Amino acid sequence: MKIPVSITINGRRFERDVEPRLLLVHFIRDVLGLTGTKVGCDTSQCGACTVLLDGVSAKSCTCLAVQADGASVTTIEGLAGGDGLHALQESFWNKHGLQCGFCTPGMIMASHELLRCNPEPSDDEIRHGLEGNLCRCTGYQNIVRAVRDAAAGGAA
Amino acid sequence: MSASTFGSGIRRREDPRLITGTAKYTDDIVLPGMLHAALVRSPYSHARIGGIDTSAAASAPGVVAVYTSADAEGEIAPAPCAWLLPNSALKIADYHCLAKDTVRYVGDIVAVVVAETPSQACDALDLIDVDYEPVDAVVRPKDAAAEGAPQLHAEIEGNQAFHWTVTGGGDIDEAFANAEVVVRETIVQQRLIPNAMEPRAAIASYVPATGELTLWNTTQNPHIVRFLCSLVNGVPEDKLRVIAPEVGGGFGSKIAVYPADFLTVFCSKKLGVPVKWVESRSENYQATTHGRDHVQEIELAATKDGRITGLRATVWAGMGAYLSTAAPGIPTILHGLMLSGVYDIPAIHEDVYGLYTNTTPVEAYRGAGRPEATFMVERLVDLLAAELGMDPVDVRRRNFIPKFDSGHDVVTGLTYDSGDYGGALAKLLGEAGYRDLRAEQAAARESGRYIGLGLSTYVEICGLGPSQVAGAIGFQGGLWESAILRFHPSGKVHVMIGASPHGQGEETTFAQIVAGELGVSPDDVKVIHGDTDNTPMGWGTYGSRTTAVGGAALAVAARKIRDKATIIAAHLLEAAVEDMEYDDGKFFVKGSPDSSKTIQDIALMANVAWNLPEGVEAGLEATSFYDPPNFVFPYGAHLAVVEVDPESGSVDLKRYVAVDDCGPQINPVIVEGQVHGGIVQGIGQALWEEGVYDDGGQLVTGTMLDYALPRADRLPDIEVHSTVTPSPHHPLGVKGIGEAGTIASTAAVYNAVIDALQPLGVGSVNMPLTPERVWRSIQDAQGRN
Numbered sequence: 004m005k006i007p008v009s010i011t012i013n014g015r016r017f018e019r020d021v022e023p024r025l026l027l028v029h030f031i032r033d034v035l036g037l038t039g040t041k042v043g044c045d046t047s048q049c050g051a052c053t054v055l056l057d058g059v060s061a062k063s064c065t066c067l068a069v070q071a072d073g074a075s076v077t078t079i080e081g082l083a084g085g086d087g088l089h090a091l092q093e094s095f096w097n098k099h100g101l102q103c104g105f106c107t108p109g110m111i112m113a114s115h116e117l118l119r120c121n122p123e124p125s126d127d128e129i130r131h132g133l134e135g136n137l138c139r140c141t142g143y144q145n146i147v148r149a150v151r152d153a154a155a156g157g158a159a
Numbered sequence: 002m003s004a005s006t007f008g009s010g011i012r013r014r015e016d017p018r019l020i021t022g023t024a025k026y027t028d029d030i031v032l033p034g035m036l037h038a039a040l041v042r043s044p045y046s047h048a049r050i051g052g053i054d055t056s057a058a059a060s061a062p063g064v065v066a067v068y069t070s071a072d073a074e075g076e077i078a079p080a081p082c083a084w085l086l087p088n089s090a091l092k093i094a095d096y097h098c099l100a101k102d103t104v105r106y107v108g109d110i111v112a113v114v115v116a117e118t119p120s121q122a123c124d125a126l127d128l129i130d131v132d133y134e135p136v137d138a139v140v141r142p143k144d145a146a147a148e149g150a151p152q153l154h155a156e157i158e159g160n161q162a163f164h165w166t167v168t169g170g171g172d173i174d175e176a177f178a179n180a181e182v183v184v185r186e187t188i189v190q191q192r193l194i195p196n197a198m199e200p201r202a203a204i205a206s207y208v209p210a211t212g213e214l215t216l217w218n219t220t221q222n223p224h225i226v227r228f229l230c231s232l233v234n235g236v237p238e239d240k241l242r243v244i245a246p247e248v249g250g251g252f253g254s255k256i257a258v259y260p261a262d263f264l265t266v267f268c269s270k271k272l273g274v275p276v277k278w279v280e281s282r283s284e285n286y287q288a289t290t291h292g293r294d295h296v297q298e299i300e301l302a303a304t305k306d307g308r309i310t311g312l313r314a315t316v317w318a319g320m321g322a323y324l325s326t327a328a329p330g331i332p333t334i335l336h337g338l339m340l341s342g343v344y345d346i347p348a349i350h351e352d353v354y355g356l357y358t359n360t361t362p363v364e365a366y367r368g369a370g371r372p373e374a375t376f377m378v379e380r381l382v383d384l385l386a387a388e389l390g391m392d393p394v395d396v397r398r399r400n401f402i403p404k405f406d407s408g409h410d411v412v413t414g415l416t417y418d419s420g421d422y423g424g425a426l427a428k429l430l431g432e433a434g435y436r437d438l439r440a441e442q443a444a445a446r447e448s449g450r451y452i453g454l455g456l457s458t459y460v461e462i463c464g465l466g467p468s469q470v471a472g473a474i475g476f477q478g479g480l481w482e483s484a485i486l487r488f489h490p491s492g493k494v495h496v497m498i499g500a501s502p503h504g505q506g507e508e509t510t511f512a513q514i515v516a517g518e519l520g521v522s523p524d525d526v527k528v529i530h531g532d533t534d535n536t537p538m539g540w541g542t543y544g545s546r547t548t549a550v551g552g553a554a555l556a557v558a559a560r561k562i563r564d565k566a567t568i569i570a571a572h573l574l575e576a577a578v579e580d581m582e583y584d585d586g587k588f589f590v591k592g593s594p595d596s597s598k599t600i601q602d603i604a605l606m607a608n609v610a611w612n613l614p615e616g617v618e619a620g621l622e623a624t625s626f627y628d629p630p631n632f633v634f635p636y637g638a639h640l641a642v643v644e645v646d647p648e649s650g651s652v653d654l655k656r657y658v659a660v661d662d663c664g665p666q667i668n669p670v671i672v673e674g675q676v677h678g679g680i681v682q683g684i685g686q687a688l689w690e691e692g693v694y695d696d697g698g699q700l701v702t703g704t705m706l707d708y709a710l711p712r713a714d715r716l717p718d719i720e721v722h723s724t725v726t727p728s729p730h731h732p733l734g735v736k737g738i739g740e741a742g743t744i745a746s747t748a749a750v751y752n753a754v755i756d757a758l759q760p761l762g763v764g765s766v767n768m769p770l771t772p773e774r775v776w777r778s779i780q781d782a783q784g785r786n
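Residue numbers (this note's numbering), protein chains in the order written: chain F, 4 to 159; chain S, 2 to 786.
If we strip away everything but chain S, and leave its shape as in the complex, we get (with noise of 0.2 Å):
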């Protein structure tokens, strides 16, 4: 029953491929002729260039060409912001692919070396002599505010990208000197580094006698580099082919468009032959986009029995040196409003400054927003429920938006799909027997053992989004998705697709697609994507948008096709069209299945097009275009169990149960997955990772030895639920799935972290809970400083 794969934990397609070690990755691939580029970066976070000598570098061993600013002038525009946020008094310095005079990050690029080998290339970086005058740096987001700090770009007063503010319900003020308790909190989201196992990578390969150029990208949205190289390069887009092949995960990190990218194409112009470049792990560190890094003031109003009556928040925002090219939307639009959370808030304003620093430009990281906006409004709701002494499941439960399966409007302007967010509570409490273990953490205290439960419930936003919605925001493109669905006269299927997934198991999920709409069984369909050249237009894979979106336009192809096929079917049958039925890829009169043509018999027939009704094309294909017509709006609720350990500071995490809800699972297995990785990340988040650096500027977690990324002996078994409700607005109801887990998840390592600790005296710690940190705080608490 091909119909029923729909739903179906079937093995993925990717997968024979990728471990049998013969998926090619962009480092994979070796062109004739190839030269290879490597980049001098600055050691320095914020100096002024007074000279570059490249001669010695120029003469070196096997070195081609060597490139500065000034070879560049005229030839590569900066690299492009495209997400110019409104109402914001967004300013934009100059990200110049190579540094004019100043640079104002440790990575920032300087000069590019191409070589007939990666070592020669490298070996000549060092020979390049630039001539560094180091400035005062600023690094952290809030001391970029500060009047005196040092100023990273003197066209941009105050270090300030954009200050942009959401108000929404009623009056804010009147909210909080009506209130009858408030809590308060400063949060920093300490700043991440996404860490996509394979580092970026491009190959450009400019053929000069077409002025034809492809180019090979380790990106999550190839359309969008082709549109920005374009740009950028000069190369028309009619000319330009960007190719993802095998990616290795991005988590955010591929979504920018980099300058290491455009001068990658630069190079490869210049020479007339294909150029490789490829970050090392380290240059990941410093050059590939970070996340997060906000600190967050935040407070909350509410009335005795625990009723929220009012959100008021401050966040900086550390936005690096530059704006990378969707950064501006992701503290703001992405997180301010989401800010109702799954309750019922009746005022909310929040002001979000954004802050240049002499830091990695900062970009979505999965989530992206949602996550900061979740932890602010799930520690303030356990904050309340602390000052109240009620259980923090009971003050969820007040606020909670009632059960609603057709829109609801929250304050900040959102209309959210479909949630029933005390269902999922509710399954939450019952599958993680949350009774009992609150028994077992008061009978653990008695015995001098700190164990706590930390609840995050959760909304997120994604499948973005409409275009529309995207225009009035600012961002630079459109929303919407497009698929191309081509039976063969065999009846085998192409699928051509413009989202670009790289790790979702997405050429298995649309399979599956096509599979519960046309009949087919899901081995007949290819699922073609990643390359300009030969699939439609995309705009790309983030934002969880890609099954939400693009499986959407995969969705309603394959009803075209069915639509088409319904009518060749009548014509052969001899039947009329309105009395034809479908049923799992089979077309008949009503009341006679067993007198019945397949899809595939439709598609020979569509093919070969010898008896056809009166004014029916050839063929058997459909496009098209999906643009949705609203955000889809995935929830959930996770519980994290920990004990800490006081005299080591040690956080045992001990146990973690997750509720998800993102619609009808179409493979389950591949939700399950998300669900995890997810997950530890935001754990990862809570008690591991920070990207750090120090006042100078220097990134002190430079490497993989310095950066505390998540381990597999660090986990427990994540249990993973899942309750199912159907988005009203989309052709099949479902939802994403992709960045939940992370969404919600560092909210409940910190808040069960915090509850462990309560009768130590402990209000709060600053993210990661390494065990000095908690260590520190209980000491601190303790008095015994």
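So here's chain F without its partners, still in its complex pose (with noise of 0.2 Å):
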């Protein structure tokens, strides 16, 4: 049995039929194939896949697709809201908060709960505030870096 959804994601309405159990990373990734978002574990440990949620973040991996139905998701591709790059995205690449890239998209939309929440966060706050998503690469000190420069451009 399938379930109509209505789901807006990065502004664009998308109505699809779903099984009950897909979870909204799969809707995003295979039914719609915005592969910006990432699944980088199965028990919600590692945060590449997060979103955002009605503009909260989310790990798209702990939502089913019928839950967001009526929801609107923004996700990597959508962040800047056109051609240019949004100041996380500014931001990590300017201060090499990336090296394999695949944390990077759920680092940046969970960085940007961080400063929604906290836009003058310190490092430490910054540390704490994404503990949430792993990266294997960085030692997240550059990432730290980038989010300190993003939010003294204001990028909240």
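Source of the hints: derived by calculation from the structure; they are not laboratory data. Fair warning: this is a prediction, and the values are worked out from it, not measured in the lab. The reader is advised that the hints may include incorrect statements.
Pairwise CB distance ranges (calculated) [what the hints assert, rightly or not]:
| no. | chain 1 | residue 1 | chain 2 | residue 2 | range |
| --- | --- | --- | --- | --- | --- |
| 1 | F | Glu123 | S | Pro62 | 46 to 56 Å |
| 2 | S | Ser56 | F | Glu22 | 21 to 31 Å |
| 3 | S | Pro717 | F | Gly36 | 15 to 25 Å |
| 4 | S | Arg18 | F | Arg24 | 24 to 34 Å |
| 5 | F | Cys120 | S | Arg785 | 40 to 50 Å |
| 6 | F | Gly36 | S | Asp595 | 54 to 64 Å |
| 7 | F | Arg24 | S | Asp130 | 16 to 26 Å |
| 8 | S | Asp718 | F | Arg24 | 40 to 50 Å |
| 9 | F | Glu123 | S | Gly408 | 31 to 41 Å |
| 10 | S | Ala782 | F | Gly156 | 15 to 25 Å |
Glycine included, C-beta positions come from ideal geometry on N, C-alpha and C.
Make the complex out of the two chains shown on their own, each in a separate frame, by following the hints.
This is the structure in structure tokens:
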């Protein structure tokens, strides 16, 4: 049995019939082909699938597509809202806040939430704010720099 | 000034696609008509297979095929081990891609299901009925060597995969017999799980009409995948194209070519349509290779004034149930040959026993053998200092190899290229404020606080390596790299390179090399890698070799271009070649720099070929194959400062200061990033990470919930410094930096914790140094049990 859902992603509404068990992350990736959002684990630890769900960050592997019916989702592809880069994307680039890039979309979306809640975080607050997102390459230091840099530029 | 981009921390060209979500990793690729494979993996660590009933799965919704070992008979060879360690009585057990009659670790593959969707394939896994008859398992390497231990492979007595020794210098027994001081330790280098953030994945697409097969694979070495797949799957190398698209980290776990890769190819060949396989993270924990897993019994002989006279060790290395692609070389060649470290040690002997155990195969993991060696040596040096009541700095200085710039032989048979170990330590002590820290430590102890300082002075072997050496040590491949550098008529450049970076930023680094050699803007250089159909042969990105060897190949190609361009420029300027000079992209007659030809002018003329000197071919393109004359040996000195809370046993890493020397830095920002990441992985080993099996061989740390990866909130900022000592034999003088941090940091943090605990009487604690372990060690030392 499939269930109809209507979910707005990056400003565009998508209406699809989905299996009740389909996770939001698989709806985004497999049904819509927006593969910027990543799947890095199966226990909601890594945060690679982080998106904005009605403006608030959510791990899209913890949410069923049917639960997101009627919601508005922003993924990494829609963060900048145009052709350019969002300030966080710029700062991750400027501060070498990524290496292999796999955790990066989720890390940027989680950083967006962090700055929304706390526009002027200390380094310590940045580190605590990102504890739900794992990166195996950078040791986090340049991610912290990137978020600090974006905050200084008023990315929130 | 384009030449100045060499050495500049320019932003990475890789990043725009990564920060916008437009990069395509293997799982992001969708092919028309693609089916999805899922694997039945053994839930038992050791069991006989009585029978397999696949009938219910075969008729499940969406299922196209189910295969077991009987279906693969004669069509798929065992997964090969490709490092045939000589003089070690190496015994390689067949690693069947589908288990034949016995499973030997949790995760061993029993069957594969191919279905129309990933969820249909997963659903069908539960319908396969496997009749397992569990038998006794053995999980710890030393237990596997014991008499009466369960035997994994009938044909391999005592579970012993190999026994390798290194002996160098003077008589080791004499050194210990005559020693004024001997210190001993048993170290458990716990099993680690690499955890590249991108799980492994493969897509195979076979076209029956042409016999051609394309494999997208998350790998560190696509050309090796092509080579081994051609042997295992019987697809000729000329009809097999392997593409490593965006690859999300590897750390050694994407060197091996796995049964799951071969099975994906097998399924596509059988069905004539594309087949995708993507592992879950839990599957990654079970079946993607692990690292370390040594038990090390070590001892050091010395004089009373702290001079080392001998090092002796016996190591039991757990290899897992089968030997992975490069596994035998890791705890031996890359470990035992490095036991002299940064010290002048006159006699060294090590026995390494590689043991089969009912666990996931063990492979290279960042550092691969060298962290295990550094830890041994740096631990022993600290034990010696403690025994003699000396400062660890002084013991190190007493034994350092003196500064050298063109080769130094150590007794294990290696020739280090260049180094100034005392210089790195001096810089570290100055940057860290070592004297003040010791004073702070003493004052803190007075007030009942336990601060510890831990040093690690390391040298590592990387830039693997001369191919002749590869042959001598049983590596079943070459270790050279190649590059093609091609100028287009407009002066833009394509680089096709065999190396296969996967997060290290070498598209940027390589462009900077070309810019430095030929005076073009790095923005005018496109770097193409990771596709066996449009890149020359490469032996892979591991062993910190991609910039060291691949970068050298590129520099040599650029110099060939410059030589040809000089000839063409001389012709155009009507001058003799020997009268020409080159500076930053311009060719001119000596003394007349105002009348010059740019590299772009030459590229146009070479491509249109209207007016070339006689005998000069059209085009401006060069190919080089660079086989290094020796390894390179980066080194450095690291210091960790910790505070231990004796009430809870928790360790607070307060500062971490690093001095690393990888020679001239092509892009210092990228170098710093590599140092950060490497150090944090080593800190993870010291403090948090451990792959745990219970006695029956169940993987207890089987998900990210259970395995403690480093998190942002657990770490201080790392203070990064460097010295610059060029390698004398490298065209650019550069050494590797990818693994250095990991090689150094575990020992630094461990030594710091033990230093902090010293007043409490704690001598050693097994890693990881969790609060519970530290607390218990304090209770034991204080006689509170």
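Given the hint of 16 to 26 Å, is the C-beta distance from Arg24 (chain F) to Asp130 (chain S) inside that range or not? holds, 24 Å
Holds or violated: 15 to 25 Å for the Cβ distance of Ala782 (chain S) and Gly156 (chain F)? violated, 52 Å
Between Gly36 (chain F) and Asp595 (chain S), does the C-beta distance stay in 54 to 64 Å? holds, 56 Å
Check the following: the C-beta atoms of Arg18 (chain S) and Arg24 (chain F) are separated by a distance inside 24 to 34 Å. For Arg18 (chain S) and Arg24 (chain F) the Cβ distance comes to about 32 Å; the hint holds.
Is 15 to 25 Å respected by the C-beta to C-beta distance linking Pro717 (chain S) and Gly36 (chain F)? The hint (15 to 25 Å, Cβ to Cβ) is violated, given that Pro717 (chain S) and Gly36 (chain F) are roughly 41 Å apart.
Taking 40 to 50 Å as the stated bounds, is the beta-carbon spacing between Asp718 (chain S) and Arg24 (chain F) within them? Check passed, 43 Å falls within 40 to 50 Å.
For the hint 40 to 50 Å, verify it against the beta carbon of Cys120 (chain F) and that of Arg785 (chain S). Since the Cβ atoms of Cys120 (chain F) and Arg785 (chain S) sit about 45 Å apart, the hinted range of 40 to 50 Å holds.
Cβ-Cβ distance between Glu123 (chain F) and Pro62 (chain S): within 46 to 56 Å? With Cβ atoms ~54 Å apart, the hint holds.
Given a hinted range of 21 to 31 Å, is it respected by the beta-carbon distance of Ser56 (chain S) and Glu22 (chain F)? Because 25 Å falls inside the window, the suggested range holds.
Is the hinted range of 31 to 41 Å satisfied by the C-beta distance from Glu123 (chain F) to Gly408 (chain S)? violated, 54 Å
Violated hints for the displayed structure, listed by number in ascending order: 3, 9, 10.
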